[in-house]
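Protein chains: 2
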Amino acid sequence: MHASQCPDGGGPPGAWDVLVIGGGPIGLVTAWRAAQRGLRTALADPSPGGGAARVAAGMLAPVTELHYGEEALLALNLASARRFPAFTAELEEASGRDTGYRACGTLAVALDSDDRAHLSELHQLQLRCGLEATWLSGRECRRLEPMLAPGVRGGLRVDGDHQTDPRRLTQALLTAGERAGVELLRQRAVRLLTAGGRATGAQLADGTRVSAGQTVLAAGSHSGTLAGVPEEVLPPVRPVKGQLLRLRVPGPYRPFLSRTVRAVVRGTPVYLVPRENGELVVGATTEELGFDTTVTAGGVYQLLRDAHELVPGVTELPLVETCAGLRPGSPDNAPLLGPTALPGLHLATGHHRNGVLLTPLTGEVLAELLTGGRVPDEAIPFSPARFTPALQEQSL
Amino acid sequence: MHASQCPDGGGPPGAWDVLVIGGGPIGLVTAWRAAQRGLRTALADPSPGGGAARVAAGMLAPVTELHYGEEALLALNLASARRFPAFTAELEEASGRDTGYRACGTLAVALDSDDRAHLSELHQLQLRCGLEATWLSGRECRRLEPMLAPGVRGGLRVDGDHQTDPRRLTQALLTAGERAGVELLRQRAVRLLTAGGRATGAQLADGTRVSAGQTVLAAGSHSGTLAGVPEEVLPPVRPVKGQLLRLRVPGPYRPFLSRTVRAVVRGTPVYLVPRENGELVVGATTEELGFDTTVTAGGVYQLLRDAHELVPGVTELPLVETCAGLRPGSPDNAPLLGPTALPGLHLATGHHRNGVLLTPLTGEVLAELLTGGRVPDEAIPFSPARFTPALQEQSL
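From first to last, the protein sequence lines are chains V and H.
Position 218 of the first sequence, counted from 1, bears residue number 235 in my numbering, the numbering being contiguous throughout.
Position 236 of the second sequence, counted from 1, bears residue number 253 in my numbering, the numbering being contiguous throughout.
Among the clues, some could well be false.
[Stated by the list, open to error] Label-pair distances were calculated between CB atoms; the ranges are:
{"#": "1", "chain 1": "H", "residue 1": "390", "chain 2": "V", "residue 2": "310", "range": "50 to 58 Å"}
{"#": "2", "chain 1": "H", "residue 1": "269", "chain 2": "V", "residue 2": "310", "range": "17 to 25 Å"}
{"#": "3", "chain 1": "H", "residue 1": "338", "chain 2": "V", "residue 2": "142", "range": "40 to 48 Å"}
[Unchecked claim] Counterexamples of contact, computed for chain V against chain H with all Cβ distances above 12 Å:
{"#": "4", "residue": "54"}
{"#": "5", "residue": "86"}
{"#": "6", "residue": "92"}
{"#": "7", "residue": "160"}
{"#": "8", "residue": "210"}
{"#": "9", "residue": "224"}
{"#": "10", "residue": "248"}
{"#": "11", "residue": "255"}
{"#": "12", "residue": "260"}
{"#": "13", "residue": "284"}
{"#": "14", "residue": "307"}
{"#": "15", "residue": "329"}
{"#": "16", "residue": "348"}
{"#": "17", "residue": "349"}
{"#": "18", "residue": "358"}
Bear in mind the hints are in silico, worked out from the structure with no lab data behind them.
Idealized CB from N, CA, C, for every residue including glycine.
Input sequences plus hints: build the corresponding full structure.
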């Protein structure tokens with residue numbers, strides 16, 4: 018334990034300035050950024066880097082993932098996507114590790130006339146939002162990506178939607194955090210500690226009580242279940258299961274695909290993300306089954322069937338891994354970033370499909386919050402206050 | 018090294034009576050039976066029990082696997098199937114291990130009218146061969162196995178086609194062999210040794226030369242590639258790749274299936290083998306790709322698609338494992354059992370799809386051959402001599 022350096026003076030002697038609960042990319046970036054600001058920071062996770070990010074595909078796709086009515090989220094996603102190149106450079110420098118960032122662009126295609134109509138509507142929405150996306154004929158799509166199915170009827174070329182490798186990203190964040198002085202407590206936080214109407218840290222699985230001036234709950238899909246968090250503060254986060262496959266593109270088949278390729282097949286999205294190292298990620302199911310991370314015959318079947326319809330040649334590729342993870346879903350599919358009604362407790366959770374994309378911006382937002390600074394404008398709508406009317410009247 | 022106990026006196030001093038090359042069920046049963054007969058026996062394999070049997074489903078299905086023109090093979094398969102209950106009892110007693118033998122029967126079903134016509138022809142052939150098989154309507158099939166697809170058009174109930182668990186079988190054979198005195202040489206045999214016009218043992222990967230009065234080549238799909246075997250004696254065995262899935266039936270879904278269920282879907286056979294322990298094996302592809310044991314997206318896709326068509330509820334089950342193995346194929350799909358033109362070298366290979374089924378009979382045949390006894394009549398047509406006309410004129 019270290020002497021308190023808590024900027025608001027709220028921590029008892031012997032406390033950390035900041036305790037981050039959760040070692041996914043969101044918790045790791047928060048801890049790294051906090052430590053960079055001079056805060057004495059600890060992070061609790063039984064296996065940092067081992068959560069949903071191990072399963073995630075790492076698409077950085079604010080444009081192709083645009084949905085009606087989510088313009089505020091679009092602004093947030095774009096703000097983080099803009100930061101990705103500089104963020105990657107800084108992180109790779111700080112950690113000495115490659116993160117697999119690849120400015121490869123994305124091609125979203127339509128396999129039938131219904132899909133084409135939907136994709137065309139998405140294109141109109143993108144243009145209204147001022148985004149760059151180019152409509153291509155089926156022939157033009159196949160010229161870009163010759164492995165595409167002959168039946169592709171058209172597509173959207175989005176050169177700004179890139180990718181990173183979430184497994185390498187979390188490893189780099191782990192190293193950068195440790196180098197910046199983050200203390201990793203390799204245990205699960207089992208209970209939030211409170212005293213005098215404020216959060217004061219957390220109790221770990223072995224019974225250790227970790228005191229901290231400020232606590233950040235960044236436990237992904239588990240954020241809604243931490244004991245000791247007052248009911249009215251508990252984030253409305255639920256697990257949304259995703260199953261995903263990893264194929265390998267053997268040398269003679271490369272590049273196979275040169276950018277992310279995605280489509281909606283029979284109403285279900287499927288995407289193929291080709292990494293520089295020859296890995297080809299195929300994702301992902303979306304299932305509301307609680308805390309279930311079972312890989313099922315049906316999940317794998319759906320992914321293979323849809324990927325095969327989109328890129329028939331995938332059947333030739335080795336299937337290297339099947340896995341399932343839990344996205345932290347929120348009621349409006351957007352994250353909860355900011356203070357709660359319980360002083361000393363911040364949230365950085367509920368990122369749903371966008372956790373990897375939002376890593377740079379989340380780190381910045383939380384660092385500002387933890388040091389009493391000013392959060393970027395784009396993040397203001399995503400205060401947890403939007404789900405707690407009483408708090409909503411206070412300013413962020 | 019031990020003093021020679023070789024019954025034909027052919028081994029030099031310091032030699033084993035018998036060296037078995039290959040530690041799959043065929044090699045293991047040969048070694049066990051040889052040791053039981055008092056022969057000093059060694060078996061060379063880098064990881065005994067680790068070959069194709071780890072992938073095999075373990076169907077004991079001479080009746081449902083009957084093919085036109087393979088009546089001699091049918092007699093061999095039936096002879097081994099008849100031995101399975103007593104063999105299992107003896108092996109489980111000798112090893113103290115359960116082998117997962119299950120007298121569950123098999124149901125072969127038709128999913129469309131073409132399939133039904135083919136299945137009906139198979140039924141006529143079975144009846145002509147004096148086999149027991151009962152024709153059932155689609156409704157009767159679903160009464161037996163309620164998880165079957167509603168579209169099932171009819172089926173054949175074969176109560177005599179059972180199953181065993183090849184992984185447990187090989188473990189039991191390993192234990193029984195060691196208890197009977199088989200020496201396991203945990204290395205690959207890289208070259209057959211010959212001297213004075215006869216086989217005299219083998220050289221191992223580390224250079225050790227193992228001398229033996231008689232050598233049995235039981236190396237499965239690798240049997241056709243052992244260095245040092247004269248060209249005219251090398252068995253015409255090739256690898257036939259099979260991919261296979263293991264699902265798990267969670268408690269609430271059991272029994273799910275109560276017997277082996279199989280069908281031909283779009284010309285491709287698929288089978289589901291339910292184990293007592295809740296494992297459900299789905300197999301298998303048949304691919305001629307040389308020594309390739311890659312699990313591919315296409316193989317897994319085909320198995321899941323066909324299993325789903327046969328038993329739609331499989332999609333709910335956890336997918337636990339995907340694997341691929343190499344069957345030892347032979348020109349007539351039948352094994353090579355017996356002496357070669359090279360004195361001192363016997364073959365026990367080329368079992369193709371029937372290695373597990375033929376384990377009991379192969380053990381008996383090889384034990385007789387190694388001790389100068391009389392092989393069972395059913396095995397006589399399967400001498401390697403049938404592929405070497407010069408030898409064919411000699412008696413077995």
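Right, here's what the structure says about each hint:
1. 390/H <-> 310/V: 50 to 58 Å: 57 Å, holds
2. 269/H <-> 310/V: 17 to 25 Å: 18 Å, holds
3. 338/H <-> 142/V: 40 to 48 Å: Once the Cβ atoms are compared, 43 Å apart, the range 40 to 48 Å for residue 142/V and residue 338/H holds.
4. 54: 45 Å, holds
5. 86: 32 Å, holds
6. 92: 38 Å, holds
7. 160: 25 Å, holds
8. 210: Given a closest Cβ separation of 38 Å, the condition holds.
9. 224: 34 Å, holds
10. 248: 32 Å, holds
11. 255: Label holds. Min Cβ-Cβ 21 Å, cutoff 12 Å.
12. 260: 9 Å, violated
13. 284: Non-interface label stands for residue 284/V: nearest chain H Cβ at 17 Å, farther than 12 Å.
14. 307: About 15 Å separates residue 307/V from the closest Cβ of chain H, which puts it past 12 Å; holds.
15. 329: At about 9 Å from chain H, residue 329/V fails to clear the 12 Å cut-off, so the statement is violated.
16. 348: Holds, since 28 Å exceeds 12 Å.
17. 349: Holds: least Cβ distance 31 Å, greater than 12 Å.
18. 358: Non-interface label stands for residue 358/V: nearest chain H Cβ at 41 Å, farther than 12 Å.
Checked against the numbered hints given earlier, this structure breaks hints 12, 15; the rest are met.
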